[in-house]
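The listed protein sequences derive, respectively, from chains S and B.
Oh and the first sequence: position 123 is 123 in my numbering, straight run, nothing missing.
Oh and the second sequence: position 486 is 486 in my numbering, straight run, nothing missing.
Fair warning: there could be bad hints in the mix.
Covered, in the sense of this in silico footprint (three residues per stretch, anywhere, with C-beta under 8 Å from a C-beta of chain S), are these stretches of chain B [to be verified]:
| # | stretch |
| --- | --- |
| 1 | 93–102 |
| 2 | 110–116 |
| 3 | 124–132 |
Some chain S residues well away from chain B (every beta-carbon gap over 10 Å; in silico) [as the list claims (entries may be wrong)]:
| # | residue |
| --- | --- |
| 4 | M103 |
| 5 | V124 |
| 6 | A257 |
These are calculated hints, taken from the structure and not from any lab test.
If you're wondering where the values come from, they're calculated on a predicted model, not measured in any experiment.
Just so it is clear, CB atoms sit at the ideal spot from N, CA and C, and this is done for glycine as well.
Below, each chain spelled out in residue letters.
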Amino acid sequence: MSAPTVDKPAGLPTPPPKPKGRILAPAISGQEYVLVGVIAALWVILGFATPRFLSSGSIQPLLANVAPIALIGVGMTLIIITAGIDVSVGAMVMVCSVITAKMMVAYNIPLVLSIVIAMVTGGVLGLINGLLIAYGRVQAIIITFGTANLFQFLGLQIFGSETVNNLPDSRAFFGAGPAGRTFGLPHAFFLTLIIAAVAWYYLRHTAGGRHFYAIGGDPQAARLAGVRVQRRTLIAYVVTGLLVGLGACFTIALGTATVQANIGDGKELAVIAAVVIGGTSIMGGRGSVLGTVLGALLVQTVTSGVTQLGWPTQLSDLFVGIAIVIAVGVDLVRERARRKK
Amino acid sequence: MSSTPETPDRPTNLVNPDGGTPDSGLARLNLTGISKSFGAVRAIRNADMLVKAGTVHALVGENGAGKSTLIKIVSGAESSDTGTIEFEGAPVDISTTVEAMGLGIATVYQEPQLFAELSVSENIFTGREIVKGGRIDWAEQNRQVVELLELLGLPAKYATVPVGSLSIAEQQQVSIAKALAGKAKILILDEPSAILTDVEIEVLFSVVRRLTSSGVAVIYISHRLDELFRIAQEVTVMRDGNTIGTYPIEDLTVRQIAELMVGGILNDERGERIIPDGPAKLELNALSRRGKFEDVNVSVRAGEIVGLYGLVGSGVSEIAATIYGMDYATSGEIKLDGRSIAPKSPRAAQKLGIALLPANRKVEGMFSFQSIAFNISAGHLRLLSYFGTWMNRRKETEVAKSMISRLAVKTPSEKQFIGAMSGGNAQKVVLARQLVERPEVLVLAEPTQGVDVGAKEEIHRLITELAENGTAVLVVTSDLPEALRISDRLLVVRGGTTTVEFGPEATQVDVLAAAAGAVDEAGQAL
Numbered sequence: 001m002s003a004p005t006v007d008k009p010a011g012l013p014t015p016p017p018k019p020k021g022r023i024l025a026p027a028i029s030g031q032e033y034v035l036v037g038v039i040a041a042l043w044v045i046l047g048f049a050t051p052r053f054l055s056s057g058s059i060q061p062l063l064a065n066v067a068p069i070a071l072i073g074v075g076m077t078l079i080i081i082t083a084g085i086d087v088s089v090g091a092m093v094m095v096c097s098v099i100t101a102k103m104m105v106a107y108n109i110p111l112v113l114s115i116v117i118a119m120v121t122g123g124v125l126g127l128i129n130g131l132l133i134a135y136g137r138v139q140a141i142i143i144t145f146g147t148a149n150l151f152q153f154l155g156l157q158i159f160g161s162e163t164v165n166n167l168p169d170s171r172a173f174f175g176a177g178p179a180g181r182t183f184g185l186p187h188a189f190f191l192t193l194i195i196a197a198v199a200w201y202y203l204r205h206t207a208g209g210r211h212f213y214a215i216g217g218d219p220q221a222a223r224l225a226g227v228r229v230q231r232r233t234l235i236a237y238v239v240t241g242l243l244v245g246l247g248a249c250f251t252i253a254l255g256t257a258t259v260q261a262n263i264g265d266g267k268e269l270a271v272i273a274a275v276v277i278g279g280t281s282i283m284g285g286r287g288s289v290l291g292t293v294l295g296a297l298l299v300q301t302v303t304s305g306v307t308q309l310g311w312p313t314q315l316s317d318l319f320v321g322i323a324i325v326i327a328v329g330v331d332l333v334r335e336r337a338r339r340k341k
Numbered sequence: 001m002s003s004t005p006e007t008p009d010r011p012t013n014l015v016n017p018d019g020g021t022p023d024s025g026l027a028r029l030n031l032t033g034i035s036k037s038f039g040a041v042r043a044i045r046n047a048d049m050l051v052k053a054g055t056v057h058a059l060v061g062e063n064g065a066g067k068s069t070l071i072k073i074v075s076g077a078e079s080s081d082t083g084t085i086e087f088e089g090a091p092v093d094i095s096t097t098v099e100a101m102g103l104g105i106a107t108v109y110q111e112p113q114l115f116a117e118l119s120v121s122e123n124i125f126t127g128r129e130i131v132k133g134g135r136i137d138w139a140e141q142n143r144q145v146v147e148l149l150e151l152l153g154l155p156a157k158y159a160t161v162p163v164g165s166l167s168i169a170e171q172q173q174v175s176i177a178k179a180l181a182g183k184a185k186i187l188i189l190d191e192p193s194a195i196l197t198d199v200e201i202e203v204l205f206s207v208v209r210r211l212t213s214s215g216v217a218v219i220y221i222s223h224r225l226d227e228l229f230r231i232a233q234e235v236t237v238m239r240d241g242n243t244i245g246t247y248p249i250e251d252l253t254v255r256q257i258a259e260l261m262v263g264g265i266l267n268d269e270r271g272e273r274i275i276p277d278g279p280a281k282l283e284l285n286a287l288s289r290r291g292k293f294e295d296v297n298v299s300v301r302a303g304e305i306v307g308l309y310g311l312v313g314s315g316v317s318e319i320a321a322t323i324y325g326m327d328y329a330t331s332g333e334i335k336l337d338g339r340s341i342a343p344k345s346p347r348a349a350q351k352l353g354i355a356l357l358p359a360n361r362k363v364e365g366m367f368s369f370q371s372i373a374f375n376i377s378a379g380h381l382r383l384l385s386y387f388g389t390w391m392n393r394r395k396e397t398e399v400a401k402s403m404i405s406r407l408a409v410k411t412p413s414e415k416q417f418i419g420a421m422s423g424g425n426a427q428k429v430v431l432a433r434q435l436v437e438r439p440e441v442l443v444l445a446e447p448t449q450g451v452d453v454g455a456k457e458e459i460h461r462l463i464t465e466l467a468e469n470g471t472a473v474l475v476v477t478s479d480l481p482e483a484l485r486i487s488d489r490l491l492v493v494r495g496g497t498t499t500v501e502f503g504p505e506a507t508q509v510d511v512l513a514a515a516a517g518a519v520d521e522a523g524q525a526l
């Protein structure tokens, strides 16, 4: 075939081997730098606008509130990297919260046990999603939309049209008050950072972690390369379930002594927003946990900032919406630029 | 108007002159009595093949002859229904790709199986990462990748580049590097050259030669029969799911291989057609699209059926897309009734009276979740509505019903979902859409792909009928018997350019040989 040759130096002598070089994408990508910059700028602006914003009394609750979103976001990042999605995490938070809260109130169980209960509950719910998606081969968005409604129903049944009142004080460990902080950081945020760091290392430097990217890139090619596609996919949803359990504990702990049925409302959107703003491609195959943590931080900064400025709260929805549109737009432009080549 | 391509001189400098490796000539892989069915389709009936170490073994056959399925069985992507596979003399059971890789069977599939977002190095090692202490040993992987890239003549810096930013040809070479990363004992190359340029093919061949001289057995699938003589020592021919036989390549010519592939079947019967004289309706003058095709010259008169035949990767499908305004030409011109046109979109092409039956009906041709009536009326909403606004349901139903009977679509009602229909019936519906208003020019891309024999006949009859009513028809196809049966004139596209023209009396063997390169470019036998 005498098609025009590609501009490629085939056949030319190659320079001596350069065994040095980055194989992975850089540890911090362009989008993450931008996020850091935007967050820093927002903090400075908010600091000038309402001097109270940069006080520890304001930053500490902000970080504590970032924790559940970022933590569940770590799991969601795994899922979205495999080109899946889980819109049932909000309902899962609700189910985990009500079961755990009821146990705490009824039996006054120790904190560790309540964490275990919450995580097991979340793990089981995640397993249901994962089995249906990985082995039932159904579309992730449809099936999790379905299970979200089922979980919602389940949670409301357990609530029994009441709220759970008088939660014990042991929950303070997570950082609602001074007792729950180390080096000034709320424990919930601290734990989130540790778990995010582990996930970051796993995704980046282990074979199992890299396989998530392969699955999102091309599941068929991954299968032919010997990747256990179904098992990995299942793991992504189960891990998310476990993290939802722990995130539910954070959510209970950071609120009042009362747990209401609306505790998980909108969580799935906040989490997906954090992941997408963090630069993980909704098409799968690319993404990072660091971006997700930054994305969660940005979302929470906007929400807190709007509140503290005394602006109407729906403005925070507007700003988060704009951030999502920009993030997805950047992804599309990237993809187009690549196709053109 | 027909041509009789001459048998090319076989290259005198046959590859692998000595074959002097220790285990060269020993049986590396022996397949006996392999069969495989997908539902009612018997993809492989009975296949035997013996591949020797240190040789390049070509596997040829027409589209659908069973080559790809056979390869998938060897590489563990499918498992056979019957038959045995012996690897180095011992029977083996290959049921997963991991098992095949474990034996040292590496495969480069026709479509690069890569991950766009991951680096070349990661792509090569996915599934067999070098792990040290639980962590991937990036440095070691990188070192090995750089070696592989050099072997293939790619710059070392590619190791760290995301695969998605490479050209398709480079991606193909990365797939080859991926296959070579494991210690391959058998390397399977499925149409590796279809998307490579001549320079890149030379690099590929030198790599293949180096591998065979170190004892690797290579199974080489290609439609380009001429190149087999430069690289292969033996050739196995498949036809209709059977292996016809294995021959030393020097005992055959391109023409003989082509004859074995088609089984020496002569032309299918076709009715007498009177082609009206007259000026050209559609003309392509030196039409080119950089990197896809160049200097394409075609003219179609009203009432004439012209076939454009080319193998996969020859550029035929891109030519059809350009006429229909889905792509643009970088030079040359398209003329309709002598006027130069340059449709910028399918809508613009339609307005000019050009209709297209797209090749990939599932993606480009049909609305799977809609009824037959919807699928037929789409694109004619102006005609089938009141003032171009409200749908005229009665008229829509009428048109759909008349099309169903005219095209003999097998369906209980025009309300049936098209997605639930068989390939042949669905294709008829998509074709029906083009027939509601008789187009001046109809371009059909692969009109009977995945369509059963009966429906194929009917679709061919319809195309002929259209031409008789004065439509200029251009059929773009890689199905050779079809190209011959249906066209009044047949142009062969090779390497992105129109080469030889055949009349209706051409034989399959002639055309296949021409498309595969048995005619020197200068020999434009008209």
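Next item on the list: Could you tell me which of the hints above the structure violates, numbers in ascending order?
Entry: The structure conflicts with no hint, since it agrees with every one listed earlier.
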